[in-house]
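Hey, can you work out the whole structure from these sequences and the hints?
Protein chains: 2
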Amino acid sequence: MNLDKTQQSQPAGAPAHGKSLTLAEPLTLQSGVTLAPVTLAYETYGTLNADRSNCVLVCHALTGDHFVASAHPITKNPGWWIDLVGPGKVIDTDKFFVVCSNVLGGCMGSTGPKEINPATGAPWGLAFPVITIRDMVQAQARLLDHLGIESVFCVLGGSMGAMQALEWAVRFPHRVFSAIPIAGSYRHSAQNIAFHEVGRQAIMADPDWSHGNYLAEGKKPKRGLAVARMAAHITYLSEVALHNKFGRRLQNRDALTYGFEADFQVESYLRHQGSTFVERFDANSYLYITRALDYFDLQAEGGGVLAEAFRGTPVRFCVISFSSDWLYPTGESKTIVHALNAVAANVSFVEVASQQGHDAFLLDEPEFHQTMEGFLAGAAEARGIAYRPANR
Amino acid sequence: MNLDKTQQSQPAGAPAHGKSLTLAEPLTLQSGVTLAPVTLAYETYGTLNADRSNCVLVCHALTGDHFVASAHPITKNPGWWIDLVGPGKVIDTDKFFVVCSNVLGGCMGSTGPKEINPATGAPWGLAFPVITIRDMVQAQARLLDHLGIESVFCVLGGSMGAMQALEWAVRFPHRVFSAIPIAGSYRHSAQNIAFHEVGRQAIMADPDWSHGNYLAEGKKPKRGLAVARMAAHITYLSEVALHNKFGRRLQNRDALTYGFEADFQVESYLRHQGSTFVERFDANSYLYITRALDYFDLQAEGGGVLAEAFRGTPVRFCVISFSSDWLYPTGESKTIVHALNAVAANVSFVEVASQQGHDAFLLDEPEFHQTMEGFLAGAAEARGIAYRPANR
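Chains as they are written, first to last, in my numbering: chain A, 59 to 450; chain B, 59 to 450.
A hint or two may mislead.
Just so you know, same-sequence chains aren't split out, so a pair can sit in one copy or run between any two.
Cut-off 35 Å, straight-line C-alpha distance, at most; resulting in silico cross-link-like pairs (DSBU-like, lysine-lysine) [what the hints assert, rightly or not]: (1) LYS277 to LYS147; (2) LYS77 to LYS134; (3) LYS392 to LYS278; (4) LYS277 to LYS392; (5) LYS278 to LYS147; (6) LYS280 to LYS392; (7) LYS134 to LYS392; (8) LYS280 to LYS147; (9) LYS77 to LYS303; (10) LYS280 to LYS303; (11) LYS147 to LYS134; (12) LYS392 to LYS147; (13) LYS77 to LYS147.
To be clear, the hints were calculated from the coordinates, so they are not data collected in a lab.
Structure representation (structure tokens):
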């Protein structure tokens, strides 16, 4: 553990990816492949307390990163959970030591297909091994080892973050005091896989993808990746949210143009989502992370019975879903809750009424924030951590 | 009218597109553009009765065609509505004279972007004018003129066919005795437009699309069109249907391969949907027809009040939706029904309970077929047509 190397410096010209750790030991992946070296880029907020009991591990979503509450180095946008994480906020950095790492397979500083394969000196590309949610979690566990954190007060996240939180609870039940899986599921459905497959096919259809070798060839499959993002983005919003936001309103024009320009605001919005995404995300990372999601299946980990994956768990769970989320509908969260109930686990469940769809977990949703705050307060009391957000 | 030219012969080597009619007069499109010549490929089934009162006009969906009850010349598949249309069937060709034409802008013999632009001698490509649902209906009206049919007993169709049926009722209320819009809507929602825009961007991202000139250049944007089809296909099925059909079952393998092959059956299925579609459909037609759908807005035609589009209508309506259709959800059919009620129109409405999603209108759904049969029987009696399907 003390051989792990913490790197704070960045190569010249590269965007700053925050802190990073290169694991001392190779990582044996779920596929059986051994991966080394493994570097994790991460950020921390707040201070670890004396008994190392106040760590909140935030897990990010498919296209998220570790810049939870600090500016993104490429887009310069504020942290993606700045509404929730900070001094006096629900995830109070005056009380908690918040850790978030870029997932294994990612493209913001952690080891992934865009990093250099030491065996060839070239970017990994498709030679990078397929990774799973479990592999991401195993790598995070090594990071916590390095930080001297034996037990996490709370592991939480939305969407793919929820899946990591669940995997943490299943894989390391005695290292997790509480878990908040938000807007997630226990496995990818056929429809989830189908949408991801469309995205992957869009990327692979782009000749600039070059069978995954685009970085070595100095290209970028921007068009394919943009289409993938556009298709996915529709699934992040509810039909009602799209209607309220755009309806059939026209974009900077008074009448239909009878052409293929972006007549409608929703077209212009989607194109913008696609074109900005490709500036900050790697196409191969998108392939690998969507694959990890598709492979995720806690029911299989429970030998076909989801409850078995949780049997004997000491973890306190708070499962949160959003009523208009059709990507990971409430019913899937309820399935998790039923499984936890079946093994007499400590679980609370809230379906937050929201019109925002899946992306509600990223937005300022008062009921969602109140639910988290209430659960964290109870769990903190049980754990003996002072938590009473000052300005709330 | 008697100048219209009916062509029965086909160019050597071209697939047989059935009957066709070239309009004698140019068509003035909704955009104001004048289009000529306009050819419509069509099929008929059954016999027109002496008083020409038994015509059922079937309108096809986005990627449908006029081969309602006869084999498709390219795929050799049986007609897409063979379950419903034929002797003794619900749409009884022993009693009705069934007409269906390939829509304007289509690619199965009607004038569209893949046909020759007489001004250049080359395929139209993007020089083809943007057409609308109203333009499709205007062209169909000319076909009925040619066939000597002043009034249609029933105009009906699913999905885009429903929109044409509604447009017929609004545009030609005195030429329509009854109308059955199935699994449709009165306008494209922001989500509908968004999914179509993804498809269009996928096509346009394919370098083989060549800014629409691929036919002249001897190319075909197969990869982009396949991605467009895959994305759209997901919207045709319900989440439950995908789950029942595929779940997380693997394709011809016992375990995950930790790669990007089609591990899951749903991936294999989607890839097949994409690759077979490109053999029978033209990419530019896909652009034009999706655009026509996005532009469709009967509420706008009613001056912002949907009911006004129907005011005074003598048409008998039967509006049918499917409970699990999330592309054109039941709520949109109900909006149509409310508008019709508001102007005291003759309307019945059935939401068919089905798990099949939008594509239920193409499947053997007994409650759906019974609903149509009941409505057609009542309407036929009112119109004085003998209709009592023999074998039902």
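Hint check results:
1. LYS277 to LYS147: Classified as neither; 42 Å inside a copy, 57 Å across copies.
2. LYS77 to LYS134: within (17 Å within a copy, 61 Å between copies)
3. LYS392 to LYS278: Neither way: LYS392 and LYS278 sit 41 Å apart in one copy and 46 Å across, limit 35 Å.
4. LYS277 to LYS392: For LYS277 and LYS392, the Cα distance exceeds 35 Å both inside one copy (44 Å) and across copies (50 Å).
5. LYS278 to LYS147: neither (39 Å within a copy, 55 Å between copies)
6. LYS280 to LYS392: The answer is neither: 38 Å in one copy and 41 Å across copies each exceed 35 Å.
7. LYS134 to LYS392: This pair counts as neither: shortest intra-copy Cα distance 37 Å, inter-copy 46 Å.
8. LYS280 to LYS147: neither (37 Å within a copy, 51 Å between copies)
9. LYS77 to LYS303: Neither: 38 Å inside a chain and 46 Å across chains, both beyond 35 Å.
10. LYS280 to LYS303: Result: close both inside a copy and across copies, 26 Å intra and 33 Å inter.
11. LYS147 to LYS134: Answer is within; shortest intra-copy Cα gap is 22 Å, inter-copy 64 Å.
12. LYS392 to LYS147: within (28 Å within a copy, 44 Å between copies)
13. LYS77 to LYS147: within (23 Å within a copy, 70 Å between copies)
In terms of the numbered hints stated before, the structure departs from hints 1, 3, 4, 5, 6, 7, 8, 9, listed from lowest to highest.
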